[in-house]
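Asks: For the record, the sequence lines run as chains G and A.
To convert a position in the first sequence, counted from 1, into my numbering, add 1284.
To convert a position in the second sequence, counted from 1, into my numbering, add 913.
Please note that a few of the clues may not be correct.
Stretch by stretch, here's where chain A covers chain G in the computed footprint (C-beta under 8 Å, at least three residues) [to be verified]:
no., region
1, 1386-1399
2, 1548-1559
Cut-off 20 Å, straight-line C-alpha distance, at most; resulting in silico cross-link-like pairs (SDA-like, lysine to any residue) [claimed, not checked]:
no., chain 1, residue 1, chain 2, residue 2
3, A, K1028, A, F1068
4, A, K1173, A, L1184
5, A, K931, G, Q1520
6, A, K1165, G, G1501
7, G, K1307, G, Q1530
8, G, K1307, A, T1191
9, A, K931, G, K1307
10, A, K1173, G, D1337
Simulated restraints, written as ranges between beta carbons of each label pair [what the hints assert, rightly or not]:
no., chain 1, residue 1, chain 2, residue 2, range
11, G, M1560, A, R1153, 44 to 52 Å
12, G, E1418, A, R1166, 42 to 50 Å
13, A, Q994, G, E1470, 35 to 43 Å
14, A, F1183, G, K1362, 55 to 63 Å
15, G, E1389, A, E1135, 48 to 56 Å
16, A, D1042, G, E1470, 36 to 44 Å
17, G, E1516, A, R1153, 49 to 57 Å
18, G, P1340, A, A1103, 47 to 55 Å
Calculated from the structure, these hints are not laboratory results.
From the three backbone atoms N, C-alpha and C, an ideal C-beta is built for every residue, glycine too.
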Amino acid sequence: MKLSIALAQINTVLGNVQRNLEKHIATIHQAQASGAELLIFPELSLTGYVLQDLVPTVACRPHPDDPVFRPLLQASHKLDMVVGFVEEDSRNRFYISSAYLSRGEVLHVHHKVYLPTYGLFDESRFFAWGDAVEAFDTRFGRAGMLICEDFWHASPPYLLWLDGADLLLFSSASPGRGLNTSPMLESARWVNHILRAYASLYTSFVVHTNRVGYEDGLHFWGGSAVFDPNGELAGQGPFHEEALTQVEIDLNQLHRTRARLPLLRDERTALVQREMNRILSNQSRNTGR
Amino acid sequence: MNTLTRPDLAINVDLARKILTGFIRSEITRTGFSRAVIGLSGGIDSALSCFLAAEAMGPENVLAVRMPYRTSSSDSLEDAQKVIEITGVQSLTVPITPMVDPLFEQFPDMDNMRKGNIMARMRMIVLYDQSSAFNGLVVGTGNKTEILLGYTTLFGDSANALNPIGDLYKTQVRQLSRAMGVPDSIINKAPSADLWSGQTDEGELGFTYAEVDQLLYLLIDERYTPQECIEAGFAEPFVRTVVERVRRNHFKRILPPIAKLSNRTIGYDFLYLRDWGT
Chain G
1285 MKLSIALAQI NTVLGNVQRN LEKHIATIHQ AQASGAELLI FPELSLTGYV LQDLVPTVAC
1345 RPHPDDPVFR PLLQASHKLD MVVGFVEEDS RNRFYISSAY LSRGEVLHVH HKVYLPTYGL
1405 FDESRFFAWG DAVEAFDTRF GRAGMLICED FWHASPPYLL WLDGADLLLF SSASPGRGLN
1465 TSPMLESARW VNHILRAYAS LYTSFVVHTN RVGYEDGLHF WGGSAVFDPN GELAGQGPFH
1525 EEALTQVEID LNQLHRTRAR LPLLRDERTA LVQREMNRIL SNQSRNTGR
Chain A
914 MNTLTRPDLA INVDLARKIL TGFIRSEITR TGFSRAVIGL SGGIDSALSC FLAAEAMGPE
974 NVLAVRMPYR TSSSDSLEDA QKVIEITGVQ SLTVPITPMV DPLFEQFPDM DNMRKGNIMA
1034 RMRMIVLYDQ SSAFNGLVVG TGNKTEILLG YTTLFGDSAN ALNPIGDLYK TQVRQLSRAM
1094 GVPDSIINKA PSADLWSGQT DEGELGFTYA EVDQLLYLLI DERYTPQECI EAGFAEPFVR
1154 TVVERVRRNH FKRILPPIAK LSNRTIGYDF LYLRDWGT
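Make a model of the complete structure from these sequences and hints.
Replies: In structure tokens form, the structure reads like this:
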């Protein structure tokens, strides 16, 4: 079965949800016109990234009666999509969230688990961390969503894999850094290395949309990419500029790759669980040895 | 010197050029402007900023302002003229002599440092006036080396609306300048603030940019401790001098602290990017 994925590598207006929503709607129309069935927006695509004290003013709730989600859910009758936003929960905690919308419904919401708070990042100051990594069923198969720093850690993609995800849908607002003589920034090279590694190790599809544009001195490098279960690059957007990149994947590749390379079949999950219990049973060490 | 640790500061110039011109375009246009104003000294830093701004905004949207003092070297004016001609930017020459001399005359014992600071601040006044007249934002020309060393005049040459080259060491400024076609005469001459005759940066600082860039790169970018830099082969007095310069000049790199009284204070817990809403 073929699936046409569109990577919406957009720029955003910092803190102006209405303007960003308009761009989402326009992009959805464009993707639909070109035959895309699944459209992936970047992290915080409805708000911009370095929000700081704007966080409480741009938050919304992924419900049909929300003025931001109502038009998005309507548009999701045409194609499935992942959007990035700030979510305020019923007890007024704020999360960096991704929602998967399909046929007028919110199929799944992921709260960013790993909030980088080091170097140029300050996310934990403004956001609550998510406490779950769960796969969910879509009309294209079982999928899982992660947001940027989530997949800089090895465990969330692993958990999604064990939870049945064959489509790993990643979104980022990754600031470019690490300029040396290479034609790619260190941050871009690093991300693409690990995306390829996850696709290879989990014999799964890895789909990544990263935003572009500038916020003060930070720039976001784009370079959205899809890797197939063989770890091969199936398609890539340009670097540093807005683009809607369409990539057609063949979901039957899962069957072919896993017939050749049964890493999933051979994964010793009971062993992992037993060893994890042993390693983490020492309560004084929350990361093992 | 120990040759074990010789950091390579070389950069990919095409990528730097793409990111920096995009930065200039984004940070000028999102504030509602479409033009840039640059003080062009004839030195390499302002030449590079001018080349980048011309490429980003189109040369017709860039105003290069030459602001000589009567002791400024004629080479500086000529080198600035070369940049204007090659890039095709608009230009203006505003001599600052008649503006700063009356102040100098009121304080006959004024030393070169004070005079230099006054000249740098007068140029800032001229640039910000042109910013209003030309309807453009002032593009900065300070590199990472001089910002770290504090080799700038606060509210003088350090004043700008956006700085495309502030994360490039002088060594990297030279590399990118070469790639962008800045004339050799500008790249090869001894860097100078040209505030008085015979002044050179390296003479005043007491070390070369090539040398200090290597050290700063290890200290700042690679997070070496001063002791590790000494072990890597840098002379201890040099390391101590540079570390202290970076610390002592930090006040030039931040906004003045505001005394906190309320629950929400600008700078501490009133946090927004400048690009807020754009």
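Asks: None of the hints should be skipped; say for each whether it holds.
Replies: Going down the list of hints, with the structure as the test:
1. 1386-1399: violated (count 0)
2. 1548-1559: violated (count 0)
3. K1028(A) / F1068(A): holds (14 Å)
4. K1173(A) / L1184(A): holds (14 Å)
5. K931(A) / Q1520(G): Holds, at about 19 Å.
6. K1165(A) / G1501(G): holds (18 Å)
7. K1307(G) / Q1530(G): holds (17 Å)
8. K1307(G) / T1191(A): holds (14 Å)
9. K931(A) / K1307(G): violated (24 Å)
10. K1173(A) / D1337(G): This hinted pair holds, its Cα atoms lying about 18 Å apart.
11. M1560(G) / R1153(A): 44 to 52 Å: holds (49 Å)
12. E1418(G) / R1166(A): 42 to 50 Å: holds (45 Å)
13. Q994(A) / E1470(G): 35 to 43 Å: Holds: the Cβ-Cβ distance is about 39 Å, inside 35 to 43 Å.
14. F1183(A) / K1362(G): 55 to 63 Å: Violated, at about 42 Å.
15. E1389(G) / E1135(A): 48 to 56 Å: holds (50 Å)
16. D1042(A) / E1470(G): 36 to 44 Å: For E1470(G) against D1042(A), whose Cβ atoms are near 41 Å apart, the range 36 to 44 Å holds.
17. E1516(G) / R1153(A): 49 to 57 Å: Check passed, 53 Å falls within 49 to 57 Å.
18. P1340(G) / A1103(A): 47 to 55 Å: holds (54 Å)
The structure is inconsistent with the numbered hints 1, 2, 9 and 14, although it conforms to all the rest.
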